[in-house]
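Since the structure of chain Z is provided, determine the placement of chain E on it from the hints.
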Amino acid sequence: AQSVAQPEDQVNVAEGNPLTVKCTYSVSGNPYLFWYVQYPNRGLQFLLKYITGDNLVKGSYGFEAEFNKSQTSFHLKKPSALVSDSALYFCAVSRFSGGYNKLIFGAGTRLAVHP
Amino acid sequence: GAGVSQSPSNKVTEKGKDVELRCDPISGHTALYWYRQSLGQGLEFLIYFQGNSAPDKSGLPSDRFSAERTGGSVSTLTIQRTQQEDSAVYLCASSTYGVGLANDTQYFGPGTRLTVL
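Residue numbers (the working numbering), protein chains in the order written: chain Z, 1 to 115; chain E, 1001 to 1117.
Take the hints with a grain of salt, since some may be wrong.
[Stated by the list, open to error] The calculated DMTMM-like cross-link candidates involving lysine to aspartate or glutamate, where the alpha carbons are at most 25 Å apart (straight line), are: (1) Z:Lys-49 / E:Asp-1056; (2) Z:Lys-77 / Z:Glu-15; (3) E:Lys-1057 / E:Asp-1018; (4) E:Lys-1015 / E:Glu-1044; (5) Z:Lys-77 / Z:Glu-64; (6) Z:Lys-22 / E:Glu-1044; (7) E:Lys-1017 / E:Glu-1044; (8) Z:Lys-49 / E:Glu-1044; (9) E:Lys-1057 / E:Glu-1020.
Quick caveat, the hints were computed from the structure, so don't treat them as lab data.
The shape of chain Z in the complex, shown without the other chains (with noise of 0.2 Å):
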C-alpha cells in the first residue's frame, strides 16, 4: 500500500544554517510526490511536488526537494533557513484509487528555526 513517513516530529536549525525535513515513501510505479506547508491557525499551503523530469525540484520561499528512487526519499531542503520559515511541514504522495489521484500525507514535521 502506497505510504508516505517523515522519520522526524521536529527539526530544529539556526537561522541561516541549512535545513532537512526528511520524506520517505512507498508506492507502487511512479510516484507523485508533494510538499506542502502549514502556518499556525492557517490552512495548508503548496510548496513544490515531483511528477517526471528532473530530480532536483525548486519550489515556493526558496525551497527545493530532492527525488531520490534508489533510496525512496524525497526530502525537502532549504539553503539558509529563516525564523519565518518555523512551521508544520507535511509530505504527501498521490496514489490513483477509485479513479482520481488521492493525497496520501505523512504524519507532519514541525519546523523551528531559532535566531
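Coordinates of chain E only, in the frame set by chain Z:
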C-alpha cells in the same frame, strides 16, 4: 479572490447540536476534498467530490457526517448531533481535475476550527 475560502473560520457548539461548514473552491476547479485535522494529528481524508457527485466517501467517520456540493462549486459539510471527539480543524481543498491526472495539485483553504463543548 483566487483561493479556497471556508466559513466560518471558528465554530463553537454544544454537544448534540448540528453544524454546517462551508467551502468555496477556486473558480473552475472540478474536484473538491474535505479533510479533518485533529489536535496533534495529521490529515484525515473525509470525502472527495468530482463535480457534484462524491465517488469517494470512504473517510466519513460515521453516519452523522454528510456532505453535498451544488452547482459544481460550493460544498457544505454537515455534522449532526456533534460529539466532543468531532472537535478539529476541517480543511477543504480543490483541484483542477482530480480524475486521473497525477500532476493535479490540491489547494487548501484556511480551515474551520470546530470546538464541541
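Evaluation of the provided hints:
no., hint, verdict
1, Z:Lys-49 / E:Asp-1056, "24 Å, holds"
2, Z:Lys-77 / Z:Glu-15, "14 Å, holds"
3, E:Lys-1057 / E:Asp-1018, "20 Å, holds"
4, E:Lys-1015 / E:Glu-1044, "22 Å, holds"
5, Z:Lys-77 / Z:Glu-64, "5 Å, holds"
6, Z:Lys-22 / E:Glu-1044, "21 Å, holds"
7, E:Lys-1017 / E:Glu-1044, "23 Å, holds"
8, Z:Lys-49 / E:Glu-1044, "20 Å, holds"
9, E:Lys-1057 / E:Glu-1020, "17 Å, holds"
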